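Colleague: Taken in order, these protein sequences are the chains called P and G.
Residues 1 to 125 in my numbering are what the first sequence spells out, letter by letter.
Residues 1 to 130 in my numbering are what the second sequence spells out, letter by letter.
Bear in mind the hints are in silico, worked out from the structure with no lab data behind them.
Please read these numbers as outputs of a predicted model, since none were measured by experiment.
Treat the hints with care, since some could be wrong.
Restraint-style ranges between C-beta atoms, simulated for each label pair [said to hold, decoys possible]:
1. G:Leu100 / P:Thr82: 39 to 47 Å
2. G:Ala7 / P:Phe92: 16 to 24 Å
3. G:Val111 / P:His50: 15 to 23 Å
4. G:Leu5 / P:Ala40: 35 to 43 Å
5. P:Ala108 / G:Gln13: 36 to 44 Å
6. P:Asp122 / G:Ala69: 20 to 28 Å
7. P:Ala40 / G:Leu100: 46 to 54 Å
8. P:Arg96 / G:Ala103: 32 to 40 Å
9. G:Arg78 / P:Arg100: 23 to 31 Å
10. G:Ala7 / P:Thr82: 23 to 31 Å
11. P:Arg96 / G:Ala69: 22 to 30 Å
12. G:Arg55 / P:Ser43: 45 to 53 Å
13. P:Thr51 / G:Ala7: 41 to 49 Å
Facing chain P, a subset of chain G residues (Cβ under 10 Å, in silico) [what the hints assert, rightly or not]:
14. Gly32
15. Ile39
16. Ala46
17. Gln52
18. Trp58
19. Phe90
20. Leu92
21. Leu94
22. Gly96
23. Ala99
24. Pro102
25. Val112
26. Leu116
27. Trp117
28. Gly126
29. Ala128
If we take Cβ atoms under 7 Å as the criterion, some of the chain P residues that face chain G in the derived model are [as the list claims (entries may be wrong)]:
30. Glu13
31. Val24
32. Ala40
33. Arg44
34. Leu65
35. Leu84
36. Leu88
37. Ala90
Virtual Cβ for every residue (Gly too), placed ideally from N, Cα, C.
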Amino acid sequence: MPLENSWIFPVFESIHVIGLAALVGTIVLEDLRTLGLKIADTSRLKIWTHTGLALMLITGAVMFLSDTTRYLHNPAFDVKITLLVLALIAHFTLHRRGTRFAASLSLALWTCVVLAARAIADFDA
Amino acid sequence: MLNPLLALARGLQDTSLRLDLSQSTWGVPIIGAIHVLAIAWFGGAALVQDSQLRRFRWIGLSILTFTGALLFWSQPLRLYYSQFFRVKMFFLVLIGITALLPARHARLAMVVSLVLWAGVILASRGIAYR
């Protein structure tokens with residue numbers, strides 16, 4: 001039975017969204033802090049960032065493997081994965097320096113990843 | 001007497017905005033994308049106890065409420081009858097109640113509301129299916 005026709009798929013999608021809130025939500029706080037938002041130290045949020053990332057990678061991989069042809073023929077998916085790779089590279093390199101440029105780039109990249117991901121549903125053939 | 005919520009859903013169903021939203025190609029996808037983006041941008045604030053984030057939290061809630069209201073407006077009757085939508089609204093009411101707990105229970109309120117938010121997200125995904 002294809003995973004999409006089962007109740008498991010929406011549950012995986014939900015966990016993916018929960019991971020999104022934890023991953024991008026904490027990165028945004030960190031970036032906005034670099035850009036001047038008044039908020040206490042964000043370094044202890046790292047655990048949430050990494051938990052969110054783990055949840056997203058696991059649920060994302062399962063959803064992808066459940067219907068590889070759907071995703072490989074979807075232009076929004078290509079854009080999303082490209083941006084995601086860029087965002088992850090930036091996150092584990094440039095982002096560590098904590099410059100205003102790195103924070104702005106991070107905000108822009110993660111925002112585009114989310115928008116492209118959301119568009120996958122709109123570009124199904 | 002007609003249930004006031006059903007009356008509201010029927011009223012919205014008959015508006016021209018409902019027609020415009022449901023017939024537009026990109027209207028609902030764009031509003032939905034902003035809704036999800038707001039979850040990504042403001043979701044982190046649910047994980048921190050920091051009174052400095054009060055304004056930030058309210059901005060996020062306002063964007064979610066505004067885009068959520070438009071999404072509801074695009075298909076009021078379907079959502080009114082959706083079990084998952086009802087569960088989502090119920091959880092949101094409970095989250096509102098946890099916000100009213102006295103400050104000495106702040107830690108408990110945060111944990112309970114995090115669990116409820118996870119429930120809100122689960123119910124929301126369910127709405128897309130039935």
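Colleague: Each hint: holds or not?
Modeller: Hint by hint, here is what the structure shows:
no.: 1; hint: G:Leu100 / P:Thr82: 39 to 47 Å; verdict: 45 Å, holds
no.: 2; hint: G:Ala7 / P:Phe92: 16 to 24 Å; verdict: 54 Å, violated
no.: 3; hint: G:Val111 / P:His50: 15 to 23 Å; verdict: 20 Å, holds
no.: 4; hint: G:Leu5 / P:Ala40: 35 to 43 Å; verdict: 41 Å, holds
no.: 5; hint: P:Ala108 / G:Gln13: 36 to 44 Å; verdict: 39 Å, holds
no.: 6; hint: P:Asp122 / G:Ala69: 20 to 28 Å; verdict: 21 Å, holds
no.: 7; hint: P:Ala40 / G:Leu100: 46 to 54 Å; verdict: 24 Å, violated
no.: 8; hint: P:Arg96 / G:Ala103: 32 to 40 Å; verdict: 36 Å, holds
no.: 9; hint: G:Arg78 / P:Arg100: 23 to 31 Å; verdict: 45 Å, violated
no.: 10; hint: G:Ala7 / P:Thr82: 23 to 31 Å; verdict: 48 Å, violated
no.: 11; hint: P:Arg96 / G:Ala69: 22 to 30 Å; verdict: 40 Å, violated
no.: 12; hint: G:Arg55 / P:Ser43: 45 to 53 Å; verdict: 22 Å, violated
no.: 13; hint: P:Thr51 / G:Ala7: 41 to 49 Å; verdict: 44 Å, holds
no.: 14; hint: Gly32; verdict: 7 Å, holds
no.: 15; hint: Ile39; verdict: 5 Å, holds
no.: 16; hint: Ala46; verdict: 7 Å, holds
no.: 17; hint: Gln52; verdict: 5 Å, holds
no.: 18; hint: Trp58; verdict: 14 Å, violated
no.: 19; hint: Phe90; verdict: 17 Å, violated
no.: 20; hint: Leu92; verdict: 15 Å, violated
no.: 21; hint: Leu94; verdict: 17 Å, violated
no.: 22; hint: Gly96; verdict: 18 Å, violated
no.: 23; hint: Ala99; verdict: 18 Å, violated
no.: 24; hint: Pro102; verdict: 22 Å, violated
no.: 25; hint: Val112; verdict: 16 Å, violated
no.: 26; hint: Leu116; verdict: 12 Å, violated
no.: 27; hint: Trp117; verdict: 8 Å, holds
no.: 28; hint: Gly126; verdict: 6 Å, holds
no.: 29; hint: Ala128; verdict: 7 Å, holds
no.: 30; hint: Glu13; verdict: 5 Å, holds
no.: 31; hint: Val24; verdict: 4 Å, holds
no.: 32; hint: Ala40; verdict: 5 Å, holds
no.: 33; hint: Arg44; verdict: 9 Å, violated
no.: 34; hint: Leu65; verdict: 19 Å, violated
no.: 35; hint: Leu84; verdict: 13 Å, violated
no.: 36; hint: Leu88; verdict: 15 Å, violated
no.: 37; hint: Ala90; verdict: 16 Å, violated
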